[in-house]
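> The primary structure of each chain is shown beneath.
There are 4 protein chains.
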Amino acid sequence: MKEIVLRQMKERGITIEGIVEIVFDLQKPYHPSLNKENCREAVNAVLDKREVQHAILTGLALDIMAEKDLLPQPILQIIKEDESLYGIDEILAIAITNIYGTIGITSFGYLDKMKIGLIGKLDSRKGSVNTFADDIVAAIASAAAAKIAHSLKGGSES
Amino acid sequence: MKEIVLRQMKERGITIEGIVEIVFDLQKPYHPSLNKENCREAVNAVLDKREVQHAILTGLALDIMAEKDLLPQPILQIIKEDESLYGIDEILAIAITNIYGTIGITSFGYLDKMKIGLIGKLDSRKGSVNTFADDIVAAIASAAAAKIAHSLKGGSES
Amino acid sequence: MKEIVLRQMKERGITIEGIVEIVFDLQKPYHPSLNKENCREAVNAVLDKREVQHAILTGLALDIMAEKDLLPQPILQIIKEDESLYGIDEILAIAITNIYGTIGITSFGYLDKMKIGLIGKLDSRKGSVNTFADDIVAAIASAAAAKIAHSLKGGSES
Amino acid sequence: MKEIVLRQMKERGITIEGIVEIVFDLQKPYHPSLNKENCREAVNAVLDKREVQHAILTGLALDIMAEKDLLPQPILQIIKEDESLYGIDEILAIAITNIYGTIGITSFGYLDKMKIGLIGKLDSRKGSVNTFADDIVAAIASAAAAKIAHSLKGGSES
Chain A
0 MKEIVLRQMK
10 ERGITIEGIV
20 EIVFDLQKPY
30 HPSLNKENCR
40 EAVNAVLDKR
50 EVQHAILTGL
60 ALDIMAEKDL
70 LPQPILQIIK
80 EDESLYGIDE
90 ILAIAITNIY
100 GTIGITSFGY
110 LDKMKIGLIG
120 KLDSRKGSVN
130 TFADDIVAAI
140 ASAAAAKIAH
150 SLKGGSES
Chain B
0 MKEIVLRQMK
10 ERGITIEGIV
20 EIVFDLQKPY
30 HPSLNKENCR
40 EAVNAVLDKR
50 EVQHAILTGL
60 ALDIMAEKDL
70 LPQPILQIIK
80 EDESLYGIDE
90 ILAIAITNIY
100 GTIGITSFGY
110 LDKMKIGLIG
120 KLDSRKGSVN
130 TFADDIVAAI
140 ASAAAAKIAH
150 SLKGGSES
Chain C
0 MKEIVLRQMK
10 ERGITIEGIV
20 EIVFDLQKPY
30 HPSLNKENCR
40 EAVNAVLDKR
50 EVQHAILTGL
60 ALDIMAEKDL
70 LPQPILQIIK
80 EDESLYGIDE
90 ILAIAITNIY
100 GTIGITSFGY
110 LDKMKIGLIG
120 KLDSRKGSVN
130 TFADDIVAAI
140 ASAAAAKIAH
150 SLKGGSES
Chain D
0 MKEIVLRQMK
10 ERGITIEGIV
20 EIVFDLQKPY
30 HPSLNKENCR
40 EAVNAVLDKR
50 EVQHAILTGL
60 ALDIMAEKDL
70 LPQPILQIIK
80 EDESLYGIDE
90 ILAIAITNIY
100 GTIGITSFGY
110 LDKMKIGLIG
120 KLDSRKGSVN
130 TFADDIVAAI
140 ASAAAAKIAH
150 SLKGGSES
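Residue numbers (numbering that gives the first Met the number 0), protein chains in the order written: chain A, 0 to 157; chain B, 0 to 157; chain C, 0 to 157; chain D, 0 to 157.
Any given hint might turn out to be false.
The list makes no distinction among identical chains, and a pair is therefore deemed to hold if it is satisfied within one copy or across any two copies.
Straight-line alpha carbon distances no greater than 27 Å define the calculated DSS-like cross-link-like pairs of lysine-lysine that follow [what the hints assert, rightly or not]:
1) 79 x 114
2) 114 x 27
3) 125 x 9
4) 114 x 125
5) 120 x 67
6) 1 x 67
7) 79 x 152
8) 125 x 152
9) 125 x 35
10) 35 x 79
11) 27 x 112
12) 35 x 67
13) 27 x 79
14) 152 x 35
15) 9 x 27
16) 114 x 67
17) 125 x 79
18) 9 x 120
19) 120 x 35
20) 27 x 120
21) 27 x 67
Keep in mind that the hints were calculated from the coordinates and are not lab data.
Generate the whole structure from the sequences, applying the supplied hints.
Written as structure tokens, this is what we have:
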């Protein structure tokens, strides 16, 4: 299943390396000894979780269906225009973030607002619908950052 | 917008009256003077909320896309089979339930497990995909029940 | 840390065995080969999680402070009377339930409404404040049930 | 009840004006015609909600109990030190933020990370425990900003 999720992510312009960069920039100030390999492991652990996979597949399917004009109206237009009051993209993202506890919510909000790295690239890609994709990237990065914070502290995650 | 939401719900077999019955059965034991008109008003107030409308439209669109085999695999099969570990249907439902505060979560869980009234009918309809529809009904009923509990207590809702 | 959490739970009348009974009754119909040892392992895994421990310690502290009349008013009275519209007990519980994904929410709502086993005993204990304790038990049991559902299905949890 | 909540907030250094400043700075870029009176109305509407009041009273009670060394260990130390992995302060905050839908989560995360205005002041106040207070301020401001976004768009809130 994870293979399929990774392939669908890649087809939508989402790479593990792009997410690793965000996690590294986010957590480096708090953990000076952190390296990208630690971040890659954390991102991979997040992507192993079944509910994360389901949220990703669902969000990307909605982006794809919207891009192909296959969704019924008015939800088609709401998703295509990434309407700021839509809210459902954030809801799926929070389901991902929660996997390692609530502390990931703060990073998610920050990343979603600042559109750092890959998140900003997805958000501004012309001709392509990335209403869910950018929030999914921010959410995976936040969950991975939470996992790192928990494991560097010692003890069981979340 | 609400008109469109109500029409799409009806096309999927979801009527306001079906939801009103559930709310009435749920809250009657706690509020003996409750009548169906109170329940109808509460259900209508829930359906006035923008984020509720977005959650309903998104969930029903996923059911429809799955029924028409338009979604990519493997999410198509997961949604068609209403796989018990999918989880995203509950996530959308909780976004609806939260509109009047967390107390609605208890009713939602109870209704989702007991499959009362319209919820059970949707859950067992052959040939039709209602993976999101049954949770949406349970969530609207729970939010309406929470609204009634708050307003009968007096003071501001939630 | 877990030792301390277990001791504080016990002092408030919450035993692992009491929670195991609830999980077993909840999941047995779906997994005929399930035994109590599987349930005990799942409950222990839930109690290993840091955010679960924090939610338990915070909830029990509020119960204890309320029982000793140490909280300021009006929150003292709201917690002592287990006011049905309080909502914060459910909020802490959901943080526990979410640890293995959203599917635990349904069991939580059901257990919270039906007051099964230890949950009902805590809810009706005279002279003792268990506003948070009963929801905490329902939440731990629901999270453990979700963990069992995920692991019997195979693949990674949640 | 609202009077009591406002008085307890003030005693902990939280004023409506301090929150209004944050909301204004947050939303002004998106709504050039916004004035502080609009923000004050939105903050007041958030504070009218029962579940918001309960979350505030509970969080402030925990700060006060911790400041007076009345909580049992180890939760006393965790709250006094505002341990970054605690998580329960964010959980209470999200319950506030959700009142006007999920879109408030992004602002909450941003404010919680950037410690803008009153939030930063509370976070760094010596001798006083403000583990919950700063998140409560960020959450009220985010909920008010979400309310403004919904009402300026027209139609029903959230």
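> Does each hint hold? Answer for all of them.
A quick look at each hint next to the structure:
| no. | hint | result |
| --- | --- | --- |
| 1 | 79 x 114 | within (18 Å within a copy, 33 Å between copies) |
| 2 | 114 x 27 | both (18 Å within a copy, 19 Å between copies) |
| 3 | 125 x 9 | within (17 Å within a copy, 36 Å between copies) |
| 4 | 114 x 125 | within (16 Å within a copy, 34 Å between copies) |
| 5 | 120 x 67 | within (21 Å within a copy, 33 Å between copies) |
| 6 | 1 x 67 | both (25 Å within a copy, 25 Å between copies) |
| 7 | 79 x 152 | between (41 Å within a copy, 18 Å between copies) |
| 8 | 125 x 152 | between (41 Å within a copy, 25 Å between copies) |
| 9 | 125 x 35 | neither (30 Å within a copy, 36 Å between copies) |
| 10 | 35 x 79 | neither (34 Å within a copy, 33 Å between copies) |
| 11 | 27 x 112 | both (19 Å within a copy, 15 Å between copies) |
| 12 | 35 x 67 | neither (36 Å within a copy, 43 Å between copies) |
| 13 | 27 x 79 | between (35 Å within a copy, 26 Å between copies) |
| 14 | 152 x 35 | within (18 Å within a copy, 32 Å between copies) |
| 15 | 9 x 27 | within (26 Å within a copy, 37 Å between copies) |
| 16 | 114 x 67 | within (25 Å within a copy, 35 Å between copies) |
| 17 | 125 x 79 | within (11 Å within a copy, 32 Å between copies) |
| 18 | 9 x 120 | within (14 Å within a copy, 40 Å between copies) |
| 19 | 120 x 35 | within (21 Å within a copy, 34 Å between copies) |
| 20 | 27 x 120 | both (22 Å within a copy, 25 Å between copies) |
| 21 | 27 x 67 | neither (39 Å within a copy, 35 Å between copies) |
Consistency with the previously given hints fails for numbers 9, 10, 12, 21, ordered from lowest to highest.
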